[in-house]
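The task is simple: from the sequences and hints, build the whole structure.
There are 2 protein chains.
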Amino acid sequence: MSLIANWNFPTNIKIGPGSLKEIGQSCIDLKISEPLIVTDKNLQNNEIIQNLKNELTNSNFSLSVFSEVDTNPNDENLKEGLKKVRSGNFDGIIAFGGGSALDLGKLLAFMAVQELPVWEFEDLSDNWKKANNKGILPIIAIPTTAGTGSEVGRAGVLTDNLNKVKKVIFHPEMLPKRVICDPNLTLKLPKNLTAGTGMDAFAHCLEAYCSPGYHPMADGIALSGMKLVKENLIKAYENGENIEARTNMLSAALMGATAFQKGLGAIHALSHPIGAIYNTHHGTTNAVVMKKVIDFNKEHIKDRIEKLSMFLEIKNGFKGFTDYTQYLCKNLDIPGNLSEIGVKEDKLELIANMAIVDPTASGNPKELNFNNTLSLLKECL
Amino acid sequence: MSLIANWNFPTNIKIGPGSLKEIGQSCIDLKISEPLIVTDKNLQNNEIIQNLKNELTNSNFSLSVFSEVDTNPNDENLKEGLKKVRSGNFDGIIAFGGGSALDLGKLLAFMAVQELPVWEFEDLSDNWKKANNKGILPIIAIPTTAGTGSEVGRAGVLTDNLNKVKKVIFHPEMLPKRVICDPNLTLKLPKNLTAGTGMDAFAHCLEAYCSPGYHPMADGIALSGMKLVKENLIKAYENGENIEARTNMLSAALMGATAFQKGLGAIHALSHPIGAIYNTHHGTTNAVVMKKVIDFNKEHIKDRIEKLSMFLEIKNGFKGFTDYTQYLCKNLDIPGNLSEIGVKEDKLELIANMAIVDPTASGNPKELNFNNTLSLLKECL
Chain A
13 MSLIANWNFP TNIKIGPGSL KEIGQSCIDL KISEPLIVTD KNLQNNEIIQ NLKNELTNSN
73 FSLSVFSEVD TNPNDENLKE GLKKVRSGNF DGIIAFGGGS ALDLGKLLAF MAVQELPVWE
133 FEDLSDNWKK ANNKGILPII AIPTTAGTGS EVGRAGVLTD NLNKVKKVIF HPEMLPKRVI
193 CDPNLTLKLP KNLTAGTGMD AFAHCLEAYC SPGYHPMADG IALSGMKLVK ENLIKAYENG
253 ENIEARTNML SAALMGATAF QKGLGAIHAL SHPIGAIYNT HHGTTNAVVM KKVIDFNKEH
313 IKDRIEKLSM FLEIKNGFKG FTDYTQYLCK NLDIPGNLSE IGVKEDKLEL IANMAIVDPT
373 ASGNPKELNF NNTLSLLKEC L
Chain B
13 MSLIANWNFP TNIKIGPGSL KEIGQSCIDL KISEPLIVTD KNLQNNEIIQ NLKNELTNSN
73 FSLSVFSEVD TNPNDENLKE GLKKVRSGNF DGIIAFGGGS ALDLGKLLAF MAVQELPVWE
133 FEDLSDNWKK ANNKGILPII AIPTTAGTGS EVGRAGVLTD NLNKVKKVIF HPEMLPKRVI
193 CDPNLTLKLP KNLTAGTGMD AFAHCLEAYC SPGYHPMADG IALSGMKLVK ENLIKAYENG
253 ENIEARTNML SAALMGATAF QKGLGAIHAL SHPIGAIYNT HHGTTNAVVM KKVIDFNKEH
313 IKDRIEKLSM FLEIKNGFKG FTDYTQYLCK NLDIPGNLSE IGVKEDKLEL IANMAIVDPT
373 ASGNPKELNF NNTLSLLKEC L
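If you read the protein sequences in the order shown, they are chains A and B. The first sequence begins at 13 in my numbering and counts up one residue at a time. The second sequence begins at 13 in my numbering and counts up one residue at a time.
Treat the hints with care, since some could be wrong.
Same chains, same label: a pair holds when it works inside one copy or across any pair of copies.
Claimed, not checked - Distance condition first, Cα-Cα at most 25 Å in a straight line; then the derived SDA-like pairs of lysine to any residue:
1. Lys33 - Ser137
2. Lys200 - Pro184
3. Lys53 - Leu128
4. Lys319 - Ser14
5. Lys91 - Lys189
6. Lys141 - Asp103
7. Lys53 - Asp307
8. Lys390 - Asp307
9. Lys33 - Gly225
10. Lys53 - Asn101
11. Lys141 - Asp41
12. Lys319 - Leu15
13. Lys146 - Phe21
14. Lys390 - Pro129
15. Lys242 - Asn383
16. Lys96 - Phe382
17. Lys200 - Asp138
18. Lys247 - Pro224
19. Lys310 - Leu15
20. Lys53 - Val77
21. Lys356 - Glu185
22. Lys33 - Pro184
23. Lys319 - Pro371
24. Lys43 - Pro184
25. Lys65 - Tyr339
26. Lys331 - Leu136
27. Lys310 - Tyr339
28. Lys141 - Asn72
29. Lys96 - Asp82
30. Lys43 - Glu185
Hints listed in this document are in silico derivations from the structure and should not be mistaken for laboratory results.
The following block contains the structure:
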C-alpha cells in the first residue's frame, strides 16, 4: 500500500515519504512569500533542516531561521522570537522540529499580533476570545518527531520561567493551516526520542479514549492510533530506518493529538509540572507514570480498557493491558520510575498541588485531589 | 453520560438534545444577519421546522425559506433556489433537513457567487480550483435525518434532469462552518427513513473502511461509526423516541461522511445511477446492494472484514459479517433486491455504464468494468 496521502481533517495534511517537497507549493497556497522557519536549537545545524532549506531555496524563498527554542519552550524563547518576527516582514511561520519548535512556532504566529501578554490566553474558560484574530500568521507545521501531535493542535505549551509552571496557551487559529509529515525527517531520530515521543502519542490516545465525555469520533481515532503504536513503535525503535513504521508513527502522533480534543487526564496532569520543575522529556515522563495512572483510574475505566484490549488483541483484559504498557516501556528502555528521571520526594507536594490545577486534570476519569494525587505520585516515585 | 458536546473536526459541531437552541448564536458567530433557510418540500409545514423558526425569531432574525427541493435535488431546484438567493441580501444559508436539503443548501451557498455553470465543478481532477472563492455564503447545516452526513461534507450531489445522471459537485468551502445535530429533530422520522438513512451511514463507514488508500484516521472513525450503527440503528428503528439511539445515529452519520474522504466504492457507484434513473431512496438503495458488493469484493477485503467482525463482536469472520448485513436489512424491512425497488432488467446495461464512470467507482477495492459490474447488478436484481 502506498503511504502517500492527503488528508483534510483536522486540517490539511500531506503525509508520506518525500512529502517535504510540498513545502514550496504549500507556501504559495497559503500566500506566504516571506516565511520564518522556527526550529529547535539542536536542529539548526542538523542535516534534515538542510533539506527544508534546499526545498525553499529551489522555490525561490528567502531563508530566515529562529532557533532559540529550548526543550521545554519558555517565555524567554517567546520574547526573543517575537523580536525576530517583528524585525522582518514575515507573513507565515514554518514550524519545523519536535513539539518544542512546533509549539513555539505556533505561539509566535499567534502572539505576533497580540497586545495582551501571553498568559492572558491560558486555556481556561473563554480566554481565547480576548485575542486579536486579525493578522495571525499562517502556520505550516513539519514534525521531525512522532509524538506531540502539536502539528494538528490548537494550543502550545509554554513554561513560565519565573514561576516554573507550564501553561497551555490556546487559540483556534493556532491550528496549522498545512501539515507536512515526511517520515524521511524522522529516520535518524535518536532511539530515546523515538521511544519518548512514541509513548507521548500513545498517552494522548489512551487518555483521550479514557476521558469521559461524548466523542465517539475521537474514541475511534484513539483506538486506531493505539493500534498503530502497538504495531509500529518497537519496530521504529529497533530500526529507525523502517519507513513504514516511521510513517505510521507520524500518523499515530497526529491521531493522538486529534483525539485529545476530547480530553486528557492524570498522565498529563502529573507530567506537566514534573517537566516544568525538572525539565524532563514530556513523552518519557508520560510513559513513566502511565501504568500507575491506569491502575489509579481502574474503577472508572475497567470496561473501556477491556474493550481496548480486545481491539488491540491483548489477552487478559485490564491486567493484560497494564502488563502490555510495562512490556512496551521495558522494550523501549523507558526509566522505571520518577526517581530514575530525577524527581525527588521533597517536591511531590508541590507537584501534586500543580497537577490538580493543570488544565488536563479535569479530563481524568477519577477526580484528582491533593491527597489522592500525592499518593499516586508516591507510587510513581 | 451526557450526550451534549462540542466537536471541532472536521468542522465545528454542536451535538446533543436541545442543541438547536444554538442557532441564534451560531448566526452571530458566523456574522450572518440575513439567513436563508433551505429545506425539503415535505418539511416546510412540519412541526420541527417551526422549532427552528421560533429560535430564529427569538433571536430577532427574519425568516426566509426556500423549500423547492426534491428528494433527489436537481438542476431545476438549483436554478429556482439561485433566483431566491439573488433576490435578497442573504448572507448565510441554514440548510435544514435530510441529505437533499443539506446538499441543495450547500450548492446554493457555493453557486451564489459562481459565473460558470454548476457542471463545471463536478468532482473530477481539480475542477474546484476554477471556482470563485470570494463571497461563498457561510453554511449552517442542521440534519433532520441520520445518514447522509452531508452536514460534514464538502460536496453536494445534484441530478442532471436532462441526462438523468447524478453528479457530485465539490468545493472545500461547501463544508458547513457550523453543524447542529439535535436528536429531537429526528424523533419523528418515519421508520422507513430511519432505516434507509441509517443504512446510508453504515454504507459510508463500510466503503470508507474497505477502500484502499492510507488513512488510518478515517479507518478508526469508520470502525467506531459502524459500532454505533450496530448498537443503535435497530433501537432507533423500533423506538423512534429513543434519544440516546437517535444521538448516536447522528454521530454515526457524520462519522461516515468524515471517514469517506478516504473513498467510497461500488455500493455508491451502483446506487447513484439507480437513484438518478428511478428516483429511489439513496440509503435504501445502498442497503439493497450491500451484501452482493461485499461478496464481489471478497478477495480484496477478506482480512479487513475479519478484523471488522472482531471489533463489532460478530462471529464467523467474513461470512458472519455478510450474514449480519442481511440480518440488519431484514430487521429494518429493507427491500430484498433491486426489483423490489423498481429496477428493471432492461436498464442494467445503462446502469453499469454509468456506474463505472461514477466518481465513487475508483475507490472500490476491486476494479469495476462493464462486464463485472453488469454481472453484479444482475445478482442484485
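Structure-based check of all given hints:
1. Lys33 - Ser137: between (40 Å within a copy, 21 Å between copies)
2. Lys200 - Pro184: Neither, since 32 Å and 36 Å both go past 25 Å.
3. Lys53 - Leu128: Neither, since 27 Å and 51 Å both go past 25 Å.
4. Lys319 - Ser14: Between copies only: 21 Å across, 30 Å inside.
5. Lys91 - Lys189: For Lys91 and Lys189, the Cα distance is within 25 Å only inside one copy (24 Å; across copies 34 Å).
6. Lys141 - Asp103: both (23 Å within a copy, 23 Å between copies)
7. Lys53 - Asp307: Intra 38 Å, inter 55 Å, cutoff 25 Å: neither.
8. Lys390 - Asp307: This pair counts as within: shortest intra-copy Cα distance 14 Å, inter-copy 56 Å.
9. Lys33 - Gly225: between (39 Å within a copy, 21 Å between copies)
10. Lys53 - Asn101: within (23 Å within a copy, 53 Å between copies)
11. Lys141 - Asp41: between (27 Å within a copy, 12 Å between copies)
12. Lys319 - Leu15: For Lys319 and Leu15, the Cα distance is within 25 Å only across copies (21 Å; inside one copy 29 Å).
13. Lys146 - Phe21: both (23 Å within a copy, 22 Å between copies)
14. Lys390 - Pro129: Answer is neither: 36 Å inside a copy and 69 Å across each miss the 25 Å cutoff.
15. Lys242 - Asn383: neither (34 Å within a copy, 42 Å between copies)
16. Lys96 - Phe382: neither (42 Å within a copy, 61 Å between copies)
17. Lys200 - Asp138: Cα proximity of Lys200 and Asp138: none, with 41 Å in one copy and 36 Å across.
18. Lys247 - Pro224: between (32 Å within a copy, 24 Å between copies)
19. Lys310 - Leu15: Answer is between; shortest inter-copy Cα gap is 23 Å, intra-copy 37 Å.
20. Lys53 - Val77: within (11 Å within a copy, 58 Å between copies)
21. Lys356 - Glu185: Classified as neither: same-chain Cα gap 39 Å, cross-chain 53 Å, threshold 25 Å.
22. Lys33 - Pro184: between (27 Å within a copy, 23 Å between copies)
23. Lys319 - Pro371: neither (27 Å within a copy, 37 Å between copies)
24. Lys43 - Pro184: both (20 Å within a copy, 17 Å between copies)
25. Lys65 - Tyr339: Neither. Shortest intra-copy (40 Å) and inter-copy (58 Å) distances fail the 25 Å Cα cut-off.
26. Lys331 - Leu136: Cα proximity of Lys331 and Leu136: none, with 36 Å in one copy and 51 Å across.
27. Lys310 - Tyr339: Close inside one copy (19 Å), not across copies (36 Å); limit 25 Å.
28. Lys141 - Asn72: Answer is between: at 24 Å across copies they meet the 25 Å cutoff, but 37 Å inside does not.
29. Lys96 - Asp82: Result: close within a single copy only, 16 Å intra versus 57 Å inter.
30. Lys43 - Glu185: both (16 Å within a copy, 18 Å between copies)
Of the numbered hints listed earlier, those contradicted by the structure are 2, 3, 7, 14, 15, 16, 17, 21, 23, 25, 26.
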